[in-house]
Amino acid sequence: MELFTPDFGLIFWMFVAFLLLFLALRKWAWPVIIKSMEERANLIDKGVEYAQNAKEQLEGARKEAEKYIAEAQKQQAEILRDAAKIKTQIIDEARSTAAVEAQKVMDAAKLSIEQSRKEAELQFKNEVSKFSIEIAEKMMRRQMSSDKAQVELVNKLLDEIEKN
Amino acid sequence: MTIRTHITRMLLLVALLFGCVAPAVASADEHKDEGKLDVKEIIFEHLGDGYGWEVPFAHQYRIPLPVIVRANDGSWHCFSSARLTELVETENIETGKKEHHLVSVPVEISKGDNKYLFYLSTSEAHKSKVVQLLPVDDASSSIETADAKDKLPEFVTVEGNRYTEYKPFDISITKNVLALFISALVVTAMMMCVVRWYRKHGMMAPRKGNGFLELIVEFVYDGVIKNTLGKKAPKFAPYLLTAFFFILVMNLLGLIVIFPGGANLTGNIAITIVLAVMTFIVTNVKGSKHYWKEIFWPDVPIWLKCPLPIMQFIEIFGIFTKPAALCVRLFANMMGGHMIVITLILLIFIFGAFGVAAAGGVTVVSLIFTIFMLLLDVLVSFIQAYVFTMLSTIFIALSTEDGHAEHEHVEAPKALDLKTSESVGKTA
Chain A
-9 MELFTPDFGL
1 IFWMFVAFLL
11 LFLALRKWAW
21 PVIIKSMEER
31 ANLIDKGVEY
41 AQNAKEQLEG
51 ARKEAEKYIA
61 EAQKQQAEIL
71 RDAAKIKTQI
81 IDEARSTAAV
91 EAQKVMDAAK
101 LSIEQSRKEA
111 ELQFKNEVSK
121 FSIEIAEKMM
131 RRQMSSDKAQ
141 VELVNKLLDE
151 IEKN
Chain B
4 MTIRTHITRM
14 LLLVALLFGC
24 VAPAVASADE
34 HKDEGKLDVK
44 EIIFEHLGDG
54 YGWEVPFAHQ
64 YRIPLPVIVR
74 ANDGSWHCFS
84 SARLTELVET
94 ENIETGKKEH
104 HLVSVPVEIS
114 KGDNKYLFYL
124 STSEAHKSKV
134 VQLLPVDDAS
144 SSIETADAKD
154 KLPEFVTVEG
164 NRYTEYKPFD
174 ISITKNVLAL
184 FISALVVTAM
194 MMCVVRWYRK
204 HGMMAPRKGN
214 GFLELIVEFV
224 YDGVIKNTLG
234 KKAPKFAPYL
244 LTAFFFILVM
254 NLLGLIVIFP
264 GGANLTGNIA
274 ITIVLAVMTF
284 IVTNVKGSKH
294 YWKEIFWPDV
304 PIWLKCPLPI
314 MQFIEIFGIF
324 TKPAALCVRL
334 FANMMGGHMI
344 VITLILLIFI
354 FGAFGVAAAG
364 GVTVVSLIFT
374 IFMLLLDVLV
384 SFIQAYVFTM
394 LSTIFIALST
404 EDGHAEHEHV
414 EAPKALDLKT
424 SESVGKTA
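Chains A and B supply the protein sequences, listed in that same order. Numbering of the first sequence is given in my numbering, commencing with residue -9 and proceeding in unit increments. Numbering of the second sequence is given in my numbering, commencing with residue 4 and proceeding in unit increments.
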């Protein structure tokens, strides 16, 4: 059984072939292959990590942007609301000031009307008194045209004074 | 349409397989003495080594290889294996067909005054090995008595002269040796392809063939070597990876029937012995103190190791059984695969004697089984290379273990106990 009895020549050449192959591959092949494989694995790991980070950052940036936009929208709404409020306020204010002004004008008008009325009244009073005095004078002249009537009046006046 | 193409393809495949089997047919023809097949002879011829390499599809022609031998007086001789055999044409009496046989012829080499005769032996003792023929003195042959007959070497008669056979120191480049070199070159070429890719393309991942090779390297390196050896992986990886790829390529080349392949390398015990011895050397040379302590003073009850070194005996036995198991596992698996395939093919010729119908039926069945077995052998080739590497890795890992890890494991609970007892004492 040739198969079970190892042949020396084959053992010898196997040793030689294996050692040569081993030395050659150890020198030129395995370190390069293993190093490259590991380097690439590291590179890929790093790449994945980087991508993940980038994704996270992007996500963060997007969220931030959304936050800013939301804030801006909120601010915009607020500003609009404020503006509306201010508008109504201004209108109200304007209305009230206008009312006040009008009131003032009215008051002034009233005052001047009052004054002119008073003046007119005064003038009228003066006129009336003047008229009445004239009327009285006229009437007196007529009544006092006789002496007797004059004496009587003097007497009467004297009586009044005496009574006092 | 598609069915027809399938069928034609199948037929083509069958025809191709027949082509691959042709050498077997030729050899079957050769051994067809008196219409009987010498199955064992054919199987062992195919599984064994040879001085020439069969030319594809022509059994009687051999690629000549150098024969390197050291004669009995210490001189080295190198000659072509083509000189060992001669092609003889004979005519078959029954069929009238011409048949070709390779017949051993003595090779005469003269160096100075000395003449050396080398011969491809046909005797039982040195079958199909190159032997040196030493002429027999008449004197020694004359004292051939019944008592001395067993002690004397066998005589062979070549061309009318009687010789004794002397087995020279033989380091010929045989078929297996050449196949070894081819395998080694294939492995080198494959790996250099991958290396060149890295040189050229830097960090880019290899494509196609290179990518596949890298995948296998990664499978073995990351999956087996790194997982088992950890930090020590880069130190032992070159040996283990070389062993893996060498075995794999030898296994796969062995499955190819024609020239660059076809040598039953890993199914030859010489090859697997060397591989196992390599692992043995690495394991024991790099063995740590802990490893040797485990062998000579293992942690077992004292009576198992002190008066009678029972454990030591078992452990030392174990040092040798591990590589022996490696050697035999690979050898038996690969040889078994080859043997089954050859036997299945031979079935066709065995049943050929029973008529056309039997032969036809057996042909189909045995071809289907052969294809199945060959495919299985491809798987086995990979698995055996993987198993060899994995077990070598485990043996190396076990032998290079420092034992620190274990000690830490043992000591850690103690420390914990101390602490807890202290705390308990304090609280008490």
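Hints are not guaranteed to be accurate.
As the list claims (entries may be wrong) - What follows is a list of derived Cβ distance ranges for each label pair:
#	chain 1	residue 1	chain 2	residue 2	range
1	A	TRP18	B	TRP300	15 to 23 Å
2	A	TRP18	B	GLU44	52 to 60 Å
3	A	LEU9	B	GLY321	24 to 32 Å
4	A	ASN32	B	GLY77	24 to 32 Å
5	A	PHE2	B	THR324	47 to 55 Å
6	A	PHE5	B	PHE320	41 to 49 Å
7	B	LEU382	A	THR(-5)	28 to 36 Å
8	B	PHE320	A	ASN43	56 to 64 Å
9	A	LEU48	B	LEU382	43 to 51 Å
10	A	ASN32	B	TRP300	37 to 45 Å
Said to hold, decoys possible - Partial chain A-side listing against chain B, Cβ under 7 Å, derived:
#	residue
11	LEU0
12	LEU11
13	TYR58
14	ILE59
In short, the hints are calculated from the structure, not lab data. The structure presented is a predicted model; accordingly, all values stated were derived computationally and were not measured. The beta carbon of each residue, even a glycine, is placed where N, CA and C say it ideally should be.
Status of the hints after comparison with the structure:
1. TRP18(A) with TRP300(B): 15 to 23 Å: The hinted range 15 to 23 Å is violated for TRP18(A) and TRP300(B), with Cβ atoms some 43 Å apart.
2. TRP18(A) with GLU44(B): 52 to 60 Å: The hinted range 52 to 60 Å is violated for TRP18(A) and GLU44(B), with Cβ atoms some 44 Å apart.
3. LEU9(A) with GLY321(B): 24 to 32 Å: 27 Å, holds
4. ASN32(A) with GLY77(B): 24 to 32 Å: Given a distance of about 58 Å, which is not inside 24 to 32 Å, the answer is violated.
5. PHE2(A) with THR324(B): 47 to 55 Å: Given about 25 Å between the Cβ atoms, the range is violated.
6. PHE5(A) with PHE320(B): 41 to 49 Å: Given about 25 Å between the Cβ atoms, the range is violated.
7. LEU382(B) with THR(-5)(A): 28 to 36 Å: 29 Å, holds
8. PHE320(B) with ASN43(A): 56 to 64 Å: Holds, at about 58 Å.
9. LEU48(A) with LEU382(B): 43 to 51 Å: Hint holds: Cβ distance 47 Å, inside 43 to 51 Å.
10. ASN32(A) with TRP300(B): 37 to 45 Å: 43 Å, holds
11. LEU0: 4 Å, holds
12. LEU11: Status holds, d = 4 Å.
13. TYR58: 40 Å, violated
14. ILE59: 41 Å, violated
Against the hints set out earlier in the document, violations occur for numbers 1, 2, 4, 5, 6, 13, 14.
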